[in-house]
Amino acid sequence: EPEVTQTPSHQVTQMGQEVILRCVPISNHLYFYWYRQILGQKVEFLVSFYNNEISEKSEIFDDQFSVERPDGSNFTLKIRSTKLEDSAMYFCASSDAEGSTEAFFGQGTRLTVV
Amino acid sequence: SQQGEEDPQALSIQEGENATMNCSYKTSINNLQWYRQNSGRGLVHLILIRSNEREKHSGRLRVTLDTSKKSSSLLITASRAADTASYFCALVTHYKLSFGAGTTVTVRA
Chain Y
1 EPEVTQTPSH QVTQMGQEVI LRCVPISNHL YFYWYRQILG QKVEFLVSFY NNEISEKSEI
61 FDDQFSVERP DGSNFTLKIR STKLEDSAMY FCASSDAEGS TEAFFGQGTR LTVV
Chain X
1 SQQGEEDPQA LSIQEGENAT MNCSYKTSIN NLQWYRQNSG RGLVHLILIR SNEREKHSGR
61 LRVTLDTSKK SSSLLITASR AADTASYFCA LVTHYKLSFG AGTTVTVRA
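Residue numbers (our numbering), protein chains in the order written: chain Y, 1 to 114; chain X, 1 to 109.
Just chain Y, same shape as in the assembly (with noise of 0.2 Å):
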């Protein structure tokens, strides 16, 4: 059965430095999205993209987030300077399209900011 795979599992980082969360969704996906779930709370979208742009994004996602695909496979997220706050789970998902059927949700990558 198909799924969604992130990279790592598990991150572990200094505080102020950079990272990057890989995804690689189901392939005939089309819609990619970003959520995290910070420990004991809800889980929180991020952003949306398709057709290798942002739809969507909420404002959690400011200037220190970024995200790209840059090969016909992965998906990353990139935290540019990371801070106490962002530890959390990342989850990674995808559609074949948009919002009106389901999404594929990864295992999920625990970031700890140190």
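By construction, these hints were calculated from the structure, which means they are not laboratory data. Fair warning: this is a prediction, and the values are worked out from it, not measured in the lab. Among the hints, erroneous ones may be present.
[What the hints assert, rightly or not] Beta-carbon label-pair distances, calculated as ranges: (1) X:A109 with Y:G40: 24 to 30 Å; (2) X:A82 with Y:D62: 26 to 32 Å; (3) X:T67 with Y:V12: 42 to 48 Å; (4) Y:K42 with X:R80: 24 to 30 Å; (5) Y:R22 with X:P8: 34 to 40 Å.
[Stated by the list, open to error] Okay, derived cross-link-like pairs now, DSS-like style, lysine-lysine, Cα gap no bigger than 25 Å in a straight line: (6) Y:K42 with Y:K78; (7) X:K69 with X:K56; (8) Y:K57 with Y:K83; (9) X:K26 with X:K69; (10) X:K69 with Y:K42; (11) X:K56 with X:K26; (12) Y:K42 with X:K70; (13) X:K56 with X:K70; (14) Y:K57 with X:K69; (15) X:K26 with X:K70; (16) Y:K42 with X:K26; (17) Y:K42 with Y:K57.
Beta carbons are placed, not taken as given, at the ideal position from N, Cα and C, and that holds for glycine.
Assemble the complex: chain Y is given as a structure, and chain X must be docked to it using the hints.
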């Protein structure tokens, strides 16, 4: 607010019992989806109900949608220990899913 609000926050039931959780929302929706999250894991899609549908079934899951009351319910029948998880409703608006805080369900053996 574009997210749903689940109720109750937590639910503890005996194996074999039914579990019901509700989601209320305030905006117009294209469809509403329910997801499950096992502790520390990714979200798994359970069921999608469109705004013109009133009820939908999938295995032991039954979802209802009342657009006049802006509410949805998820019923898990004959619960099993493996159903222990957090359940979220997600509102679908344009390019994103908006999740509520979820209902944590514990099924006791």
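Hints, verified against the model:
1. X:A109 with Y:G40: 24 to 30 Å: With Cβ atoms ~25 Å apart, the hint holds.
2. X:A82 with Y:D62: 26 to 32 Å: violated (39 Å)
3. X:T67 with Y:V12: 42 to 48 Å: Once the Cβ atoms are compared, 45 Å apart, the range 42 to 48 Å for V12 of chain Y and T67 of chain X holds.
4. Y:K42 with X:R80: 24 to 30 Å: holds (25 Å)
5. Y:R22 with X:P8: 34 to 40 Å: Distance hint for R22 of chain Y, P8 of chain X holds at roughly 37 Å.
6. Y:K42 with Y:K78: holds (21 Å)
7. X:K69 with X:K56: holds (17 Å)
8. Y:K57 with Y:K83: Roughly 19 Å separates the two Cα atoms, so the pair holds.
9. X:K26 with X:K69: With a Cα-Cα distance of about 9 Å, the restraint between K26 of chain X and K69 of chain X holds, given a limit of 25 Å.
10. X:K69 with Y:K42: holds (24 Å)
11. X:K56 with X:K26: Given pair K56 of chain X, K26 of chain X holds - Cα atoms ~21 Å apart, limit 25 Å.
12. Y:K42 with X:K70: holds (21 Å)
13. X:K56 with X:K70: holds (16 Å)
14. Y:K57 with X:K69: Not OK: K57 of chain Y and K69 of chain X at ~29 Å, beyond 25 Å, violated.
15. X:K26 with X:K70: Holds: K26 of chain X and K70 of chain X sit about 6 Å apart, inside 25 Å.
16. Y:K42 with X:K26: At roughly 18 Å apart (the allowed maximum being 25 Å), K26 of chain X and K42 of chain Y satisfy the hint.
17. Y:K42 with Y:K57: Distance of about 17 Å is within 25 Å: holds.
In terms of the numbered hints stated before, the structure departs from hints 2, 14, listed from lowest to highest.
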